[in-house]
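Student: Hey, can you work out the whole structure from these sequences and the hints?
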Amino acid sequence: MTTNVRRRRVLGYFAGGLAAGAGGLTWLRVSGYQVPADVAERLAVLAPWQYVVVEAFGRRVLAPRPIGIGSYTDEYLRGLAATDLRDVGRFIAYLEHLAPVVAGYARRFTALAPEAQDRVLGSLEESRIELLRAGFQALKAMAMMAYWRRSESWAEIGYGGPVIDWGAE
Amino acid sequence: MGAIESARNLPAGSRLRCDVVVVGTGAGGSMAARELAARGAKVIALEEGSYVRQQQMTQREDEMMPRLYQERGGRSTSDLAIRVIGGRAVGGSTVHNINLCKRTPTPILELWQRRHHVSGCSEPELRPVFESVEAELSVTEIPEAMRNANNRVLERGVKALGWKGGPLSHNRVGCQQSGFCEIGCPFDAKQNAVKVLLPSALEHGARVISDARVTRIVHDGKRARGVKVAAPRGVLDIEAGAVVLAGSAVGSAVLARASALPDPHDRLGRGLRMHPGVAVAGLFDERIEGWKGIPQSYECTEHLDFSDGSERRIWIITAFAHPIGASIMLPGFGVAHHEWMRHYPNIAVLSAMIHDETEGRVGVRDDGRARIDYELIDGDVHQLALGMRACARLLFAAGAKRVLIPSVPAITLERPDQIESLPESAARPHHVGLVAVHPMGTLRMGDDARAAVVKSTGEHHQVERLFVLDGSLFPTSIGGPPQISIYSFSKHLSRHV
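First to last, the protein sequences are chains A and B.
Under the working numbering, the first residue of the first sequence is numbered 1, with each subsequent residue one higher.
Under the working numbering, the first residue of the second sequence is numbered 170, with each subsequent residue one higher.
It is worth saying that the hints were derived from the structure and are not from the lab.
Be aware that one or more of the hints could be misleading.
Sample of chain A residues lacking proximity to chain B, with all beta carbon distances greater than 10 Å (derived) [unchecked claim]:
hint: 1; residue: Leu-98
hint: 2; residue: Thr-110
hint: 3; residue: Glu-125
Pairwise CB distance ranges (calculated) [unchecked claim]:
hint: 4; chain 1: A; residue 1: Glu-152; chain 2: B; residue 2: Arg-222; range: 51 to 61 Å
hint: 5; chain 1: B; residue 1: Asp-586; chain 2: A; residue 2: Gly-32; range: 46 to 56 Å
hint: 6; chain 1: B; residue 1: Thr-581; chain 2: A; residue 2: Pro-36; range: 36 to 46 Å
hint: 7; chain 1: B; residue 1: Asp-586; chain 2: A; residue 2: Asp-165; range: 40 to 50 Å
hint: 8; chain 1: B; residue 1: Gln-587; chain 2: A; residue 2: Val-102; range: 29 to 39 Å
hint: 9; chain 1: A; residue 1: Asp-165; chain 2: B; residue 2: Ser-476; range: 46 to 56 Å
Predicted model only: the values in this text are computed from it and were never measured.
We put the CB at the ideal spot given by N, CA and C, even for glycine.
Tutor: Below is the structure:
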């Protein structure tokens, strides 16, 4: 009986420690991200920390003429199924916390210098893990949609855009 | 004549009755609805998407893709390697397709007869049906004067190499050549399901109801009795003397599997062919401005042979995309990617689509959406690699200064003599963006109940009064655009309903 109690107590401490550790990691994962209050209020899908990661991703993917893609991404994601949202969330977490480690950096993606961020993104685009390649392509697609839906972007490449304007009819 | 209705206006618990309920309003469903209504049947045709009117076609990719495409245009195979395009609006894929019209190749029909026990569908039996469908849809050859610069590049390459090629046919009348066909025509020039067949079905008394997602075929294992519908205001029940599935090779298979139809030989959803394609871009000194004009009007058939066992299974056409599509297709990111986009007006794009032998399967995910398992076999990867090389040859022969293979990492060819060294791995899924726009063959037809889901009449082998009248029927790929085949098989087989 005593042994059993001790074992359970030890397991309890261990589980408690794990929970505290996980809580700490979660806190670390989502803390230290600055998002303007009005932007954070409008987010429906992305957590503020995810918004910061997506913005950082967009800055490198859309260089040399980056635009903010966080709000558009949040808006786009509202139309996706729950399972897809879960996958997007996992990829954003991977990009921010694990991809830099795999690429040899000891800091978050958002804390890296632009050149280091490019190396992390390059490693994802060419990853041997197909799901990571696909995750990169999915987030890149959102960045491209945010950028190339704008008439200012069309002007850069001589694309005329729609030839019909129903509003003017 | 009635108008297209929306299920938004039907209260939950509504119970409707008809002779035939048709699931899907694309090429197969619209034809079936019209044919059956014209014969006096009381028909209800259901569409899960909305009715997108001419005035709602804004020619903007970001707005139209979510309106006209399944899963907002983001549907893909379960391994995320191949983007799978399908329509989701009244008119189905005929609203966004590029209006190419080709009959089912005769060698394919002969193969189906010989190897897949399909009867009553030989070329002589189908010829009058093809002719009638083509006449009704105003199919004509696309005039040379309407060939845009991207298609002239393909023509120039074909002629320079002495390869086989020629003009394509289409079903457009009054085309303004604005170049936005794949995101809907605001000029109403497409002679498609919405423009031609559904109005005719309505004239004959059919009801066409949008925003109505069929979740289950009601049956007792022996006979179909109707369908259950998830509508915006709740569940609807439709009792019918017959059920026609025409929701595409993906949608019909999902519904069949979700409905627990008898499947003694494990055939439901199997045999998926997708006609996958890969794009190759060429950079020219001249401005191509491929976004202008009819997107596809010329084909290269040098590497396409439908005879049994052929290893020439490549159909080459143009494949230009508007900026969002193009930017997603181009590999890389940042400055290098932006540099390619800067050349956008000077780029011509060709696509090699393969008459695939890979057999995939459509299943149902936990959330009810399609699960598409499709792993390219080596023979098809080889065909894709050959197709990439053929596209590169055509582009150089037409005067390209550089050719880009949009693989990861990107491969740029500066000279034609580099083409042969192009690695086969560049054509592998996940190494290059693959797109499939013609899913077929998940509820195959044939008189052998062990190998096919439905009989040659389109009726299910085990469940009476349940018919399949869309691209799911096809026992193999047909190696080309399927709309004329789907319209024609639906017309030909709807007499059995």
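Student: Take the hints in turn and mark each one as holding or not.
Tutor: Here is what the structure says about each hint:
Remark: the non-interface label on Leu-98(A) is consistent with the geometry, its nearest Cβ contact in chain B lying 19 Å away (cut-off 10 Å). With a cut of 10 Å on Cβ distances, Thr-110(A) stays outside the contact zone with chain B, its closest approach being about 17 Å. Non-interface status of Glu-125(A) relative to chain B is broken: a Cβ of that chain comes within 10 Å, the nearest being about 6 Å off. Checked against the hint of 51 to 61 Å, the pair Glu-152(A) and Arg-222(B) fails, with Cβ atoms roughly 29 Å apart.
For Asp-586(B) paired with Gly-32(A), a C-beta distance near 54 Å keeps the hint of 46 to 56 Å intact. Taken as a hint, the range 36 to 46 Å holds for the pair Thr-581(B) and Pro-36(A), whose Cβ atoms sit roughly 42 Å apart. Separation of Asp-586(B) from Asp-165(A) is about 48 Å and conforms to the stated range, judged on CB atoms against 40 to 50 Å. Gln-587(B) and Val-102(A) have their C-beta atoms about 33 Å apart, which keeps the hinted 29 to 39 Å range intact.
Between Asp-165(A) and Ser-476(B), the C-beta spacing of about 50 Å keeps the proposed range 46 to 56 Å intact.
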